[in-house]
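Line by line, the protein sequences are chains F and G.
Following the working numbering, the residues of the first sequence are numbered contiguously, the last one being 1589.
Following the working numbering, the residues of the second sequence are numbered contiguously, the last one being 245.
Don't read these hints as lab results, they were simulated from the structure.
As the structure is a prediction and not an experimental result, all values here were calculated from the model.
For glycine and all other residues, C-beta sits at the position ideal for the given N, C-alpha and C.
Don't take every hint at face value.
[Claimed, not checked] The calculated label-pair distances, taken between Cβ atoms and stated as ranges, are:
{"id": "1", "chain 1": "F", "residue 1": "Arg1343", "chain 2": "G", "residue 2": "Arg113", "range": "34 to 40 Å"}
{"id": "2", "chain 1": "F", "residue 1": "Arg1369", "chain 2": "G", "residue 2": "Glu147", "range": "58 to 64 Å"}
{"id": "3", "chain 1": "F", "residue 1": "Arg1369", "chain 2": "G", "residue 2": "Arg30", "range": "36 to 42 Å"}
{"id": "4", "chain 1": "G", "residue 1": "Ile131", "chain 2": "F", "residue 2": "Gly1371", "range": "55 to 61 Å"}
{"id": "5", "chain 1": "F", "residue 1": "Lys1427", "chain 2": "G", "residue 2": "Asp80", "range": "27 to 33 Å"}
{"id": "6", "chain 1": "G", "residue 1": "Leu73", "chain 2": "F", "residue 2": "Ala1397", "range": "34 to 40 Å"}
These are the residues of each chain, in order.
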Amino acid sequence: MNNKVSRRKIITTGLAALAGVSGLGVAAKIADRYGLLAPDHQGAFGVGEALTYGTQRLLMASHSLAREFSRSEISKVHPVNHEHPGYDPYKRLLYGKFADWRLYVDGMVAHPAAFSLDGLKRMPFRSQITELACEEGWSYIGEWTGVQLSYILNLVGASPKAKWVVLYPFNDFWGSIDMPEALHPQTLLAFGMNGEDLTADHGAPVRLRIPRQLGYKNLKFLARISVVDSLKNVGDGNGSAAPEIGYSWYGGI
Amino acid sequence: MLRHSALVRATHWIHAASFIALVLSGIAILLAYPRMHWGKTGTVGMPSLFDLPLPFVLDLGIRGPGRYLHFLAAWATLFTGSVYVISGLHTRHFRKDLLPRRSDLGLQSIRKLVLNHLRFRRPTEEEARNYNLLQRLSYLGVVFVLLPFMFVSGFAMSPAIVSVFPIVETMFGGRQTARTLHFFAADLLVLFLVVHVAMVILSGFVKRCRAMITGYATPRKARS
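For reference, chain F alone in the conformation it holds in the complex:
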């Protein structure tokens, strides 16, 4: 009698586990279809990552805006986490005041383009005073000036089928953001900070500024932007260099 019950128990538990696993698979497929699945959802901590990104993406469906502050709230100290790459070609461009620098935009776009720094500065720009929070725990408030990434994506005619924007800096800390974040009005390609040109250590000539995500998603020293519909074949498929060192792709925490 006891045996029977335990066998039945084993079978039902097995079936439940099977249903659970295939349920997860179906859930992942649906989430992916609606752009709710984080690219690094397959790692050891992938379940947590998938839940966090999916939930926050849904919450932000209203295109919520990051807090903006008044000029008097700008911090007096603006620490630098990673200094600028001290090697060529970055070093050479820095010495030339980035006159020869171009931001290449390619991928699923109608008109691949290369923008000079002066060219970017002549575009309509916006300044915003926002908080930059480092994953380490510290944070400061600063004013960043730049072109909305959405403006650039419109200019090059990004395909409506595209889902991600991949960003390549001069160092190897490449990354990507999803299309809703890329088209968000506060997502800037920033060339100015606190009323001056961006300094080298703060990401010159241009850094990404996405105030709804932590500091490490705000990539510095940008060189190239690529518009894609899948991250599977970009790098190791995890969406950015961050997961390679144990960091989540998504930085909205």
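For chain F, the structure is supplied; the task is to place chain G on it using the hints.
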């Protein structure tokens, strides 16, 4: 006599595991910047509220996985916590076993309870069958005050969540205040864990653990 329902036992141990994971990963995250600030901002070069006597550990191998684990364990806590609270309300577990009884609140019984604790007197089996006032208050405090507070102060550190619900940050006055209070509330939870385990040891480690695993304080043979 059944001491703990299957659901309480299961959620207890899942929560125990995720709480340990949260503490360890929390320490890994904290060590990247063991300084506490008050207000909106705080970095090296700004005055701190206090500096913990701990080294800055910037080792990516600890910090990265620490972050991943922290959020995974937080989700586990949220799910088990929700199941526990919903079922506790449904079965009236909170009202029956955790809300202080009127008889607990008399001056005499409080005096006796405190004295018993100060003398480290082990409870009798009869007494151990029900939670005493201090247990009731600390369990309710952990479940309904400290753990929810951990979530809210954690949300205040998420730029994405703050963009949707700015109040979770503004109610604290700023991100750094939320971080500092998150740290203090975590300390209280660790203190609870230490006292909780000490009490379990003091009142009969094997019996209490057996009760939380099998549901009964006495072995199966002794029961039948």
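Consistency of the hints with the structure:
no., hint, in the structure
1, Arg1343/F / Arg113/G: 34 to 40 Å, "holds (36 Å)"
2, Arg1369/F / Glu147/G: 58 to 64 Å, "holds (59 Å)"
3, Arg1369/F / Arg30/G: 36 to 42 Å, "holds (39 Å)"
4, Ile131/G / Gly1371/F: 55 to 61 Å, "holds (57 Å)"
5, Lys1427/F / Asp80/G: 27 to 33 Å, "holds (28 Å)"
6, Leu73/G / Ala1397/F: 34 to 40 Å, "holds (39 Å)"
Consistency note: the structure conflicts with none of the earlier hints.
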